[in-house]
Amino acid sequence: MIRVKFPVLALVAMALVAASALAALAQEEAEQPNPPRLDWTFSGMFGIYDKAQLQRGFQVYKEVCSTCHALSIPFRELSDFGGPGFTEDQVKTLAATYQVTNAQPNDKGEIFKRPATPADIIPRPEAYPNDQAAAAALGKAPPDMALLAKALKFERGFPWFVLDALPGLEYQEMGADYIHAILTGYTKPDDLQWNLYYPGHRIAMPQPITNGAVDYKDGTPPTLDNYARDVAAFLSWAAEPNLVERKRIGLRVMIFLFLFAILLYFTKKRIWEWVH
Amino acid sequence: MSGPSTYVPKSAIGRWFESRLPLMGLVHSSFIAYPVPRNLNYMWTFGAILSFMLVAQIVTGVVLAMHYVPSASEAFSSVNFRIMRDVNYGWLIRYMHSNGASLFFLAGYIHMFRGLYYGSFKPPRELLWIIGVIIYFLMMATAFMGYVLPWGSMSFAGATVITNLTSAIPLVGNSIAHWLWGGFAVGGPTLNRFFSLHYLLPFIIAAFVGLHVWALHVAGQNNPDGVEVKDVARDTVAFTPYATIKDVLGLSVFLILYAWLIFYIPNYLLDADNSNPANPLATPAHVVPEWYLLPFYAMLRAIPNKLMGVIVLFAAIVVLAFIPWLDRSPVKSAKYRPAYRFFFWVFVAVGIGLGYLGSQEPTEGLALIARILTFGYFAFFLIIMPVLSFTEKTKPIPTSIADAVLTKTKTAAVAAG
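Respectively, the protein sequence lines represent chains X and S. Under the numbering used here, the first residue of the first sequence carries the number 1, and numbering increases by one thereafter. Under the numbering used here, the first residue of the second sequence carries the number 1, and numbering increases by one thereafter.
So here's chain X without its partners, still in its complex pose (with noise of 0.2 angstroms):
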């Protein structure tokens, strides 16, 4: 007759054995590295962007990004609680230097163009006025960044992925990580479009940056691993504008959950005393 005792660790080993087997089969041909995690100010329970760190990702943006990349966010996010930090005015006067088509014609049926106010959407990039103007010229369109930094992901495989959703080691910042890689991989000199984190390593947009490339107020060393760092951060807020927010109401979500379990834990004790 069968007869087995309750090997539960066992099992759990086993599985963790075979588990890790698997992984190792799956990843027999990683030829090329993950991109480094690095740490940003908005990772953690208790993250929040660096106002300073985003403006100065806003410039990096507005001077060399946006040269072919859309960021198809209104200017009025600029200014948000959680956000860069931009004073309504600011929004206001930079929204001005854009010139943006109205939607709708004026009362003699002309469609015309007009400064842009805090409520537009930031205009594309002028060169390229669709996707297929701009595939036309680049070769690939230059993708939205608008939520670029929620699209990127990259494999970290067992056991990382498990880890990675657990507290005081969740990994949210992937995408942040993987466009400061991108930008900081370009490691062979001879040849622009080689970059060492992108997948096949042959990747459509040439270096865009380069050391002193943009000139910062603040007095933070001009370098390219600041620019990187910094885009990718003002790209995670524009991503998700709401972190700083979200994790504010978490927090109090959090402590009153906690609490109300605990009481509920002794009430139940007292209910069930005299069952048992």
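Hints may contain errors.
Unchecked claim - Per the computed footprint, the stretches of chain S lying under chain X, defined by three or more beta-carbons under 8 angstroms from a beta-carbon of chain X, are: (1) 204–215; (2) 310–317.
As the list claims (entries may be wrong) - Between beta-carbon pairs, the in silico distance windows are: (3) S/L382 x X/S72: 46 to 56 angstroms; (4) S/A141 x X/E245: 51 to 61 angstroms; (5) S/M66 x X/E88: 27 to 37 angstroms; (6) S/M308 x X/A213: 54 to 64 angstroms; (7) X/F81 x S/T411: 18 to 28 angstroms; (8) X/A213 x S/I317: 53 to 63 angstroms; (9) X/A103 x S/I317: 40 to 50 angstroms; (10) X/T41 x S/T411: 53 to 63 angstroms; (11) S/H178 x X/T101: 36 to 46 angstroms; (12) X/T93 x S/I256: 37 to 47 angstroms; (13) X/I262 x S/I58: 26 to 36 angstroms; (14) X/E245 x S/A206: 25 to 35 angstroms; (15) X/K269 x S/A206: 30 to 40 angstroms.
Read the hints as simulated data drawn from the structure, not as lab findings. Everything numeric in this text was worked out from a predicted model, so none of it was measured. We put the CB at the ideal spot given by N, CA and C, even for glycine.
Assemble the complex: chain X is given as a structure, and chain S must be docked to it using the hints.
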């Protein structure tokens, strides 16, 4: 278990109402006086947790539908820009809904595995179990269609892969696929009907949940010892306050996990590719479904023949409905079935293994492992269960629930004293 209501309203208005519509009596007999086995553990709180999650999904979903635009050109921006940025607390509602789906399935899987472990599908609870299988299937359909609605690139790829399954059916397959799509490929009409069905199905789920609870209250709850209630006074406690307080405690702990996902790792379970708008010309490099469908996806891919793959996929769900007749062992709980308990945990490992394989890019080596695990999945139901029914040497079961509880307390007292 539930007989005629013994509820007597205290007020005159209550008596007037009760004699015309005994609604309060129904609530009283179902959720207050209803006797529950006194030995239930926390695995039995997942029914309440699932009810909560269903209501949470419906409430957040109704709010999202007020702001969502079900059209191929507007859907993506209505979710990612309007709802996530412009709607007041839209990001919160959306993260509650998208992560809620995952936690709904997590609770559902715990609930189902609990039923498997303690033999909750055995007589007199066969119909209760089958209704549960129907709910599970409806949940999968609802979740799949909901995943398509943000119209990201993984939404589009998922919709294409799943609707294409019908084209494996001989002769009429292509016509069925075209009929589902409302065109010659997944497109705007597909999105529109998925939105309509995604709004409809949760209410059908709610109706089946009603049947599920009804059937439960007729047969009574199973319990960790798997012996039926013999003496209501000795073996059971009243639903309120005893089960209610446990359910609320279980739920509040579950909500901590839910809040962790919503507020701190809201994008952990979402595929990054879905932050790119759907584009028929640019399929994601690696198409994967959400985690809760991964084991079935692994089985689908493990079979080289498309039609056979689809048959295996559906058989993997249909086989669940036959469990009450595949496992004939008179002993319900795995507590007293050592061999079944061993194979149960192997089955859990097989399920997790299949889930992992479903998330990986298919290679020759992995396909072989996936085939072995697929065999293991079906073997648990079709070989292990029937064979163990007749060959397993089970441990003696307690004569009653009260005895089981008293033995446990006594042993504990002896051990302590």
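For the pair X/K269 and S/A206, does the Cβ-Cβ distance stay inside 30 to 40 angstroms? Since the Cβ atoms of X/K269 and S/A206 sit about 34 angstroms apart, the hinted range of 30 to 40 angstroms holds.
Is the distance from the Cβ of X/A103 to the Cβ of S/I317 consistent with 40 to 50 angstroms? holds (49 angstroms)
In this structure, is the beta-carbon distance linking S/M308 and X/A213 contained in 54 to 64 angstroms? Hint holds: Cβ distance 57 angstroms, inside 54 to 64 angstroms.
Tell me if the beta carbons of X/F81 and S/T411 are separated by a distance inside 18 to 28 angstroms. violated (59 angstroms)
Can you confirm whether chain X covers the region 204–215 of chain S, using C-beta to C-beta distances below 8 angstroms and requiring at least three such residues? violated (count 0)
Between X/T93 and S/I256, does the C-beta distance stay in 37 to 47 angstroms? At roughly 46 angstroms between Cβ atoms, S/I256 and X/T93 fall inside 37 to 47 angstroms, so the hint holds.
Distance restraint hint 53 to 63 angstroms, applied to the beta-carbon atoms of X/T41 and S/T411: holds (55 angstroms)
CB of S/H178 to CB of X/T101, is that within 36 to 46 angstroms? Given a distance of about 40 angstroms, which is inside 36 to 46 angstroms, the answer is holds.
Using the Cβ atoms, figure out if X/A213 sits within 53 to 63 angstroms of S/I317. holds (57 angstroms)
Taking the CB of S/A141 and the CB of X/E245, does the distance hold inside 51 to 61 angstroms? violated (34 angstroms)
Assessment of proposed distance window 46 to 56 angstroms (beta carbons of S/L382, X/S72): holds (54 angstroms)
Three residues minimum, CB to CB under 8 angstroms: does the region 310–317 of chain S make the cut for coverage by chain X? Let me know. violated (count 0)
Of the hints listed earlier, those the structure fails to meet are numbers 1, 2, 4, 7, in rising order.
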